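There are 2 protein chains.
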Amino acid sequence: MGEELILLNFWPSMFGARVRIALKEKGLNYEEKEEDLPNKSPLLLEMNPVHKKIPVLIHNGKPICESLIIVQYIDEMWNDKAPLLPSDPYAKAQARFWADYIDQKLYNVCSIIVWKKSKEAEEGKEEMIEIFKVLEGALGYKPYFGGEAFGYVDIALIGFYMWFHAYETCGNFSIEAECPKIIAWAKRCLEREIVSKSLHDPNKVYDLVMNFRKKLGLD
Amino acid sequence: MGEELILLNFWPSMFGARVRIALKEKGLNYEEKEEDLPNKSPLLLEMNPVHKKIPVLIHNGKPICESLIIVQYIDEMWNDKAPLLPSDPYAKAQARFWADYIDQKLYNVCSIIVWKKSKEAEEGKEEMIEIFKVLEGALGYKPYFGGEAFGYVDIALIGFYMWFHAYETCGNFSIEAECPKIIAWAKRCLEREIVSKSLHDPNKVYDLVMNFRKKLGLD
Numbered sequence: 001m002g003e004e005l006i007l008l009n010f011w012p013s014m015f016g017a018r019v020r021i022a023l024k025e026k027g028l029n030y031e032e033k034e035e036d037l038p039n040k041s042p043l044l045l046e047m048n049p050v051h052k053k054i055p056v057l058i059h060n061g062k063p064i065c066e067s068l069i070i071v072q073y074i075d076e077m078w079n080d081k082a083p084l085l086p087s088d089p090y091a092k093a094q095a096r097f098w099a100d101y102i103d104q105k106l107y108n109v110c111s112i113i114v115w116k117k118s119k120e121a122e123e124g125k126e127e128m129i130e131i132f133k134v135l136e137g138a139l140g141y142k143p144y145f146g147g148e149a150f151g152y153v154d155i156a157l158i159g160f161y162m163w164f165h166a167y168e169t170c171g172n173f174s175i176e177a178e179c180p181k182i183i184a185w186a187k188r189c190l191e192r193e194i195v196s197k198s199l200h201d202p203n204k205v206y207d208l209v210m211n212f213r214k215k216l217g218l219d
Numbered sequence: 001m002g003e004e005l006i007l008l009n010f011w012p013s014m015f016g017a018r019v020r021i022a023l024k025e026k027g028l029n030y031e032e033k034e035e036d037l038p039n040k041s042p043l044l045l046e047m048n049p050v051h052k053k054i055p056v057l058i059h060n061g062k063p064i065c066e067s068l069i070i071v072q073y074i075d076e077m078w079n080d081k082a083p084l085l086p087s088d089p090y091a092k093a094q095a096r097f098w099a100d101y102i103d104q105k106l107y108n109v110c111s112i113i114v115w116k117k118s119k120e121a122e123e124g125k126e127e128m129i130e131i132f133k134v135l136e137g138a139l140g141y142k143p144y145f146g147g148e149a150f151g152y153v154d155i156a157l158i159g160f161y162m163w164f165h166a167y168e169t170c171g172n173f174s175i176e177a178e179c180p181k182i183i184a185w186a187k188r189c190l191e192r193e194i195v196s197k198s199l200h201d202p203n204k205v206y207d208l209v210m211n212f213r214k215k216l217g218l219d
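Which chain is which? The protein sequence lines are E and A, in order.
For the first sequence, position 77 (counting from the first letter as 1) is numbered 77 according to full-length UniProt numbering, and the numbering increases by one without interruption.
For the second sequence, position 7 (counting from the first letter as 1) is numbered 7 according to full-length UniProt numbering, and the numbering increases by one without interruption.
None of these hints come from the bench; they were simulated from the model.
Keep in mind the model is a prediction, meaning the values are calculated, not measured.
Glycine included, every Cβ here is placed at the ideal spot set by N, Cα and C.
Honestly, I wouldn't trust all of these hints.
Unchecked claim - The following residues of chain A were derived to be distant from chain E, with all beta-carbon distances above 12 Å:
(1) Ile70
(2) Ala99
(3) Asp103
(4) Lys105
(5) Ala149
(6) Arg188
(7) Glu191
As the list claims (entries may be wrong) - With a cut-off of at most 35 Å between alpha-carbon atoms, the simulated DSBU-like pairs for lysine-lysine come out as follows:
(8) Lys181(E) x Lys62(E)
(9) Lys26(A) x Lys116(E)
(10) Lys52(A) x Lys187(E)
(11) Lys117(A) x Lys81(E)
(12) Lys197(A) x Lys53(E)
(13) Lys62(A) x Lys214(E)
(14) Lys105(E) x Lys26(A)
(15) Lys62(E) x Lys215(A)
(16) Lys53(A) x Lys33(E)
(17) Lys116(E) x Lys53(A)
(18) Lys81(E) x Lys92(A)
(19) Lys181(E) x Lys119(A)
(20) Lys204(A) x Lys53(E)
(21) Lys24(A) x Lys119(A)
(22) Lys26(A) x Lys62(E)
(23) Lys92(E) x Lys117(A)
(24) Lys117(A) x Lys62(E)
(25) Lys92(E) x Lys214(A)
(26) Lys40(E) x Lys33(A)
(27) Lys142(A) x Lys40(E)
(28) Lys92(A) x Lys26(A)
(29) Lys116(E) x Lys181(A)
(30) Lys119(E) x Lys142(A)
(31) Lys105(A) x Lys92(E)
(32) Lys26(A) x Lys26(E)
(33) Lys119(A) x Lys117(E)
(34) Lys40(E) x Lys116(E)
(35) Lys119(E) x Lys181(A)
(36) Lys52(A) x Lys52(E)
(37) Lys52(E) x Lys197(A)
(38) Lys215(E) x Lys26(A)
(39) Lys197(A) x Lys215(A)
(40) Lys24(E) x Lys33(A)
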């Protein structure tokens, strides 16, 4: 095919993990380039001049930015195998709704838990539990958010799993005790080799968080 | 067809305007139900229990929420005429990027200009001009964001036009003086009867803002 796919990423990013998983689900080869976020590469600044953020997928020299937009691009570009979004317009709208909910609600509260002092982190923890309970409602008794098949909403959410240990430690709570269906779902996703190979060890993210919290004087 | 389409809306909403325009572009008949936001209807709370926000499109009893998701749903559901998104995956990703940029960046700063006191509003004005300049760059010398045809990004942005007079008055600036290409683009969009009939008079929005600012003690 002569396709060149380059992923600009930062290893612990839950957003970058989405792109990794989508590319692997489609069986595509890609080169991942690690960004040093305090010193962003000229390539990143050239490819995403508006947001200057990872992940960016560069496909044959052309950039695609924003992780959910990248996942949809991959799904539409390589639409002959492993569909990530459902084909039915209503099911597709539902999938987009929940992925958008994750981006609107979950990321903010995650940052509060790991990068704020105890009182704010405590409120953040309560909000995170609420968000996970809403997501448990959306999951229902299905194995994956879209039903029987692993798909778009699963891809949108599973990258956060790398951070769960850090959230639990910083927030002093157990996600499994509060939201057992989310953990059961995450474990189900991790049984897929593509997913487990796309995510970094939560202990490695935990170490990163603890080191950075020390630098910020939070502990 | 026996299609029942109900739009839960609040008349000055730039997000609701997107749905109105998309429905009209597809030549669909719909019933618009006006929400009283301080006293949301049981129907809105039932149809959008997660965000409890307008607009909601109810298609044959099933709700679709979040304006950009609704516009994509309309485009995919009635795909036999008046395409709103391009069919090419890369062009589609670009359209999604700019619509998402509008939602991420523009709405916040709009709220600051109309609902905050002068110092914050002044900073908001500067940011709004920056955002419009970025959008002018994306527009380039094309008549519409997607090229020759009115489409998704135009639909995402044009609803804000109802508020321009209020932004200019509250922020004490002229959008046309700062960003003439945005105003020329807006006037081009308004030449389309579907657009002009979908938007309320900016003076009516201005009066609403002024009344509410008085209530908030901002003037």
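**Study point:** Numbers of unmet hints, in rising order
**Key:** Result: hints 1, 2, 3, 4, 8, 9, 11, 12, 13, 15, 16, 19, 20, 21, 23, 24, 25, 26, 29, 30, 35, 37, 38 and 40 break, sorted rising.
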